[in-house]
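So the sequence lines, in the order shown, correspond to chains A and B. Count along the first sequence starting at 1, add 495, and that's the number in this note's numbering. Count along the second sequence starting at 1, add 495, and that's the number in this note's numbering.
Keep in mind that the hints were calculated from the coordinates and are not lab data. Treat the hints with caution; some may be incorrect.
Copies of the same chain look alike in the list, so a pair counts if it works inside one copy or between any two.
Here are the computed lysine-lysine pairs in the DSSO-like style, where the Cα-Cα straight-line distance is at most 30 Å [said to hold, decoys possible]:
(1) 522 - 712
(2) 610 - 711
(3) 649 - 522
(4) 522 - 500
(5) 610 - 712
Protein chains: 2
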Amino acid sequence: MTMEKLLVVKIGGQIVDDTAGLEDFLKKFARLPHKKILVHGGGRMATQIAESMHIPQQMVEGRRITDTETLKVVTMVYAGYINKNIVAGLQSLGCSAAGFCGADGDSIRAHKRVKSGLDYGFAGDIDKVNVEWFSSLLDRNLALVVAPITHDGKNQLLNTNADTIAQEIARAMSAAYEVTLVYGFEKTGVLLDVEDENSLIKKLAPAHFQHLKESKKIFAGMIPKLENAFTALGQGVHRVIIGKAEALDQLLTGESGTTISHE
Amino acid sequence: MTMEKLLVVKIGGQIVDDTAGLEDFLKKFARLPHKKILVHGGGRMATQIAESMHIPQQMVEGRRITDTETLKVVTMVYAGYINKNIVAGLQSLGCSAAGFCGADGDSIRAHKRVKSGLDYGFAGDIDKVNVEWFSSLLDRNLALVVAPITHDGKNQLLNTNADTIAQEIARAMSAAYEVTLVYGFEKTGVLLDVEDENSLIKKLAPAHFQHLKESKKIFAGMIPKLENAFTALGQGVHRVIIGKAEALDQLLTGESGTTISHE
């Protein structure tokens, strides 16, 4: 049986903050003929707005500590401003789109992260992706735009890592689709030498990764991201591509970025 | 042919600002067995956040002048914070719900209001309600939560009056449903004497309204709201009810509020 293709693309704060870059990316995304889901991160705007509202922000290892006031800000910025501007942008490009967060249609259920030393506050760890919700909207030929806010079903919204949301959606949807998961990244892809963009690894299979990891030939900072990518692969995702979102078309043809697959 | 019933409820800023009042209202709304759409206004939060961000706010006759920075704020607060908190609240009450703004699914298309003396900035006047979008979600037994932000299809979000959104949705959906439109209001309903809650008019038909208006027996401030209600009635809406959203059940039975219908 041939499964229908589905593309899940995660873009990070860097491209969300760059108006021209985002517009250019959306043009490429809008044109793709596949069924598609875009998961967006936050960017500097949440920090700027929190600062202008005098809400102190604390980042630990790139993750935001989400107190009550910060949760308000990220809900406004991610699910409101960024999500709706991306949707309006896609609509203007002739790409029918709908945006939502995990509370809408109970699409992504999570629980508040259990404290283990560090208290992340209202940070969500995902329990369940509502495949039926995503499928029914995709069947209406809508591009789906997902904000990194989930809920716990008990009236609590939760700030949730966009990489993880993209991974969990890709994993859940793999039961029904042949899923390609694209992680937009600030580098060209997975590099052997982080200082040298020419050291790009174009293809990476599990055995190759193990070998590179054991022989310490891979940049340590990349390992968690790659572990996630291989986890997704083990969970049924067809392939994972890491690279610059700006080069979306080339990422999909393999001309750019790192493609992670079983082969 | 008996049409299926649909309830369109508009709640204003007053109830949105009152956490306990909103929670109580949502409990009543969640329990209603009908297909239902909730349109929410803004409230003081947009003004407070704009102030804390040092964005001066200008209100003319109760309408916000929406410059570029104010549009950012209302998009964040209405489509982000308020919309997602209402959805999470309904979900926690066992009411499956999904929230969106007019850009999502091209659900409400508008154009920037043409200047006629006063420039309202990025204020939208509605062109089209996407009946198919609303119907397909209602068919999935979702309660729909609509934020008062629309778009023009050319990548411009627009701030749009929530009363008007509710009226236009009610009007458009009347082709397929028997629609009851409820306007949440700070008074018990339509009063002959604005100072006296006992002067409530429980039922109002077109001829009765004409008579009251001509004999100047009705409070002048109510007339624009009533003209809108009768316009909706003329456009196919089954009945319009004006009253306190907190008394939702009693509004629907006719025990509270003013019911406007052909009879």
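Verification of the hints:
In this assembly of identical chains, residue 522 and residue 712 lie within 30 Å of each other by CA distance neither inside one copy nor across copies; the values are 37 Å within and 58 Å between. In this assembly of identical chains, residue 610 and residue 711 lie within 30 Å of each other by CA distance neither inside one copy nor across copies; the values are 32 Å within and 66 Å between. For the homomeric pair residue 649 and residue 522, the shortest alpha-carbon distance between copies (13 Å) is at most 30 Å, but the shortest distance inside one copy (38 Å) is not. Proximity of residue 522 to residue 500 under the C-alpha cut-off of 30 Å is restricted to the intra-copy arrangement: shortest distance 20 Å within a copy versus 41 Å between copies.
Taking CA atoms no more than 30 Å apart as the test, residue 610 paired with residue 712 passes in neither setting, with 34 Å inside one copy and 64 Å between copies.
Checked against the numbered hints given earlier, the structure breaks hints 1, 2 and 5 and satisfies all the rest.
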